[in-house]
Amino acid sequence: MKQRFISSVQIILQLALTTVGLTGQTYPGKPKIIRCRSLEKETFSCWWKPGSDGGLPNNYTLFYSKDSEEKIYECPDYLTSGPNSCYFDKNHTNPWTTYIITVMATNEIGSNSSDPQHVDITSIVQPDAPVNLSLETNTSANMSYLWAKWSPPSLADASSNLHVYHYELRLKPEVNEEWETVSVGMQTHYEVTSLQAGVKYVVQVRCMLDLGEWSEWSSERSIQIPKERLPPEKPTIIKCRSPEKETFTCWWKPASDGGLLTNHTLLYSKEGEEKVYECPDYKTAGPNSCYFDKKHTSFWTIYNITVRATNEMGSNVSDPHYVDVTYIVQPDPPVNITLELKKSIKRKPYLVLTWSPPPLADVRSGWLTLEYELRLKPEEGEEWETIFVGQQTQCKMFSLNPGKRYIVQIHCKPDHHGLWSEWSPEMYIEIPTDFRVKDMVVWIIVGVLSSLICLIMSWIMIMKGYRMMAFILPPVPGPKIKGIDTHLLETGKSEELLSALGCHGFPPTSDCEELLVEYLEVEDSEDQQLMPSHDTPSKNTKIILKETDSDSGRGSCDSPSLLPVKSRESRGLPSALQTQDVRAKEKKGGKGSWETQCTASEQKMLPCSSESIKSCTWLAAQLPGNQAAMFAYHSTVEAFRITLNTTNVNTSPVLVGNEENRQSLYPIAETVYDDEEKMSEMEYSKTDQTRVQVRQNQQNDKSPFLNPKLMDYVEVHKVRQDDEPTLLLKHKENSGKTKKNPVPGTSKEYTKVSTVVDHHILVLLPDQRTQNTPVAQEPVAETSQNPQESQGEKSTDYSTTAPSDSRGDTSGSDYMDPSSFMPSFK
Amino acid sequence: MSTKGASLKGLLLVTLLVSHMLLTKEGVTSLPICPNGSVNCQLSLEELFDRAVKLSHYIHFLSSEMFNEFDERYAQGRGFIAKAVNSCHTASLTTPEDKEQAQQIHHEDLLNLILGVLRSWNDPLVHLASEVQRIKEAPETILWKAVEIEEQNKRLLEGMEKIVGRVQSGEVENDIYTPWDGLPSLQLADEDSRLFAFYNLLHCLRRDSHKIDNYLKVLKCRLIHDNNC
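As you go down the protein sequences, you meet chains A and B in turn. Residues in the first sequence are numbered consecutively from 1, following full-length UniProt numbering. Residues in the second sequence are numbered consecutively from 1, following full-length UniProt numbering.
Calculated from the structure, these hints are not laboratory results. Just so it is clear, CB atoms sit at the ideal spot from N, CA and C, and this is done for glycine as well. Only true hints are included.
List time: in silico DSSO-like cross-link candidates among lysine-lysine, alpha-carbon distance up to 27 Å:
{"hint": "1", "chain 1": "A", "residue 1": "275", "chain 2": "B", "residue 2": "83"}
{"hint": "2", "chain 1": "A", "residue 1": "200", "chain 2": "A", "residue 2": "227"}
{"hint": "3", "chain 1": "A", "residue 1": "149", "chain 2": "A", "residue 2": "41"}
{"hint": "4", "chain 1": "B", "residue 1": "220", "chain 2": "A", "residue 2": "413"}
{"hint": "5", "chain 1": "A", "residue 1": "227", "chain 2": "A", "residue 2": "172"}
{"hint": "6", "chain 1": "B", "residue 1": "54", "chain 2": "A", "residue 2": "396"}
{"hint": "7", "chain 1": "B", "residue 1": "54", "chain 2": "A", "residue 2": "413"}
{"hint": "8", "chain 1": "A", "residue 1": "227", "chain 2": "A", "residue 2": "253"}
{"hint": "9", "chain 1": "A", "residue 1": "253", "chain 2": "B", "residue 2": "83"}
{"hint": "10", "chain 1": "A", "residue 1": "239", "chain 2": "B", "residue 2": "83"}
{"hint": "11", "chain 1": "A", "residue 1": "295", "chain 2": "B", "residue 2": "220"}
{"hint": "12", "chain 1": "A", "residue 1": "234", "chain 2": "B", "residue 2": "83"}
{"hint": "13", "chain 1": "A", "residue 1": "294", "chain 2": "B", "residue 2": "220"}
{"hint": "14", "chain 1": "A", "residue 1": "295", "chain 2": "A", "residue 2": "239"}
{"hint": "15", "chain 1": "A", "residue 1": "270", "chain 2": "A", "residue 2": "294"}
{"hint": "16", "chain 1": "B", "residue 1": "83", "chain 2": "A", "residue 2": "295"}
{"hint": "17", "chain 1": "A", "residue 1": "270", "chain 2": "A", "residue 2": "253"}
{"hint": "18", "chain 1": "A", "residue 1": "342", "chain 2": "A", "residue 2": "404"}
{"hint": "19", "chain 1": "B", "residue 1": "83", "chain 2": "A", "residue 2": "270"}
According to the in silico footprint, chain A covers these stretches of chain B (three or more CB under 8 Å from chain A):
{"hint": "20", "region": "54-62"}
{"hint": "21", "region": "73-84"}
{"hint": "22", "region": "93-102"}
{"hint": "23", "region": "211-219"}
Pulled out of the complex, with its shape left as it was, chain A reads as follows (with noise of 0.2 Å):
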């Protein structure tokens, strides 16, 4: 097995090298014939490619026959043409026979031949590209020529060097991409026109027998086309300009120099002479001007300026400039411009604007004169504002717009010709916000701080307003009662007082009834503080309740001027009432005479303090319409004859008062509705009520000029409820009198207000037993009825269902009434 193996694997290896060797050395691969060609139609060549060679040195043989005869031959020439052709001169070559062609490679293996190639002599005739191809430029009459020569191409044979070609020559400009190409003929030169100056140009040609193909081109030769060579154009004088009216300058423009350098000459001649000058100074200015000094320079005179451009080929001369200076000057823009804010009187910013002329400009000597204009607008405006100013280096700008950012700008000009300068650089300013505007502000912001503290102060007024009246007005002592204690007064031991006052023995002397109202007043006081809460449900009642208080309790309001005559009054009355037996009468002179103060205190209304000012200003309100009252009240003789009803209508607009605060159209009705009420009441007891209209009175004389109706009110409520205590005591004395009072429903009541009000029961009762005279007896019984018929009508007034009912059921259920409300309403 091993030794097959390995014979096997021998003759593997053998077999792989036999097909080597037969690989590397092998017969020749075809050839293949490339081209043949003919230069000029009377000898040809042709070319062939080897194949590949069989790793042995190869011979090629070209074989041809002639389609006329059988007769093979071999190529005459195998190197006229150069290796692997064949050249056939004109012995071998025959226009009008076809060749068969073909080649054979040979080693020492093999041989092989290449495909066999007809060729026809005249459809394979191309030339040879010519040769000696030169160029030259020619420039006659400002025009530029190309010219092009070159040679036939070169032929192998050179006695056979008569054949005839055309010629194609081409060319373009160096950078171009596309051939221009010209039909030449014949010849072997040609002259191009028609070429751009300053061209670099590419040229090439070619050519071809009268058949056959186009000859390659020849090979690139390029020539660079000379610049035009032109007299210069004629140059443009732009302008002439004075700065300053004492110099000048003229610009001009040079047009095309030709191609060459050109020269620039300024030439002038001025009026009245003959002689042509040249610019004297071509530098200062620049480059195409000419400067003319003061020496040079004349006014009111005209300037004949030209300028010549001058170059190899000739010169041009541009048109004539006629100046004269004085009306071409132009200053230069002015300088130093200070923009400057300033205040008037009034506050309101204006801007001031100041700027000197052109340093260069004498205005000093007065050989120039300039005026101004400027400008300006917001920063983000479009438009402009001109302002001319004349001849002035100052301008002030009023009514600009605050907040805004403003532009600047100035420019002048001679007073009569010549242009306005430059606008000068642009200057900012801001307006600065009205000033106007912040002090509106500033003084809005404090009015309305201030109006605020006014809200503020007078709230804390209205709120504590007798506090603080108290406080900055102190109370004046009140009715001068000599030998009482005001300590214990305040104190409210009434006790005490009494005992100080030492009114102990009846029947009491005048002064000792005077001075007991006066303490009834100054304690009712005390109870009308507290009264208003459960009496009023309107704020209104309540207010001028309290003042009232103040100014009953207190005398804050009283006036010096008024208290005399109100003392005086009610002095006066209680004589008259002592010696007049009718109390009814008494109580109405007692009214009549206060509300003759009261309509006085309206009139005069200047004693009114400050607290008082309400009431009286309130009196002033509730008056008007109880005018009819009023006038009742201000005959009072004749109101002293009038019955006890006509007196309750008296008394009635008191209340009537309280209620027009909230209705005033219906006061009458109500009068007469409220007498009617009254008259049921005093059906009961007529002397009560004028009892109670007497305390009033001495009410009213004691509190000098605190409004008598509305004490009226405040005497009653004080008087129930503190005096509750006192009527049941005194109907239990007096019980045929008063039907209502003894009501079982006062049992009750009884037990309440002693509790509430302990000293004040104490001491009325002995006084009222004490004084045993009718009069003072029957007051304090009517003040406790009264009061609960005022209670009673005000009740009707704030809600029309409560009073009468209450009345017609039972008084108790009245006098209830307010105990019950108020512990709610304090």
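Chain A is already provided as a structure; the job is to place chain B on it using the hints.
What follows is chain B alone, placed relative to chain A:
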């Protein structure tokens, strides 16, 4: 009586005001009232110069406007400017041609030169005012300006004589004067030539009025403000 007197005063005041307005409209400011009995009731030199300068400024403004109007209307494209060189009748008067000359010349000489130029224009201005009306379709603005300039030139001449009389120490020379012989050219039949004659006259008028204005401003600054205007 008092009311009558007041009304009379008021009437007087109104007439004064009206006359003042009329005068100022013509560029003349009214004379300040001389205090009664004053012997030397004279205008100051400054006042005289102020008025002269205002007047010359006004005259030049008019002549300049008139020239421009004429140029626009009749001279466009005719190339008059080239022909107008060196043909002003006052060219024979040697006047300062630049600032230095104007500053160097003695003020009396300059004043006399101004007088001479003004006098030289008396005659042509009279003819201009009459002949300009014969120009075809001459606008009213040109016509009234010619008349106005003639009048104002006389007024300025008076004022200048006053100034010269004040300034000059010696005699006033009345002989500086160049005659004008251009009237026939203004009456030429050929329109082009006639228009050129007008053009040239207006051109010279503009130039000389500007000269006078400029000299007067220089003199004013020199004599009144000591070269510190």
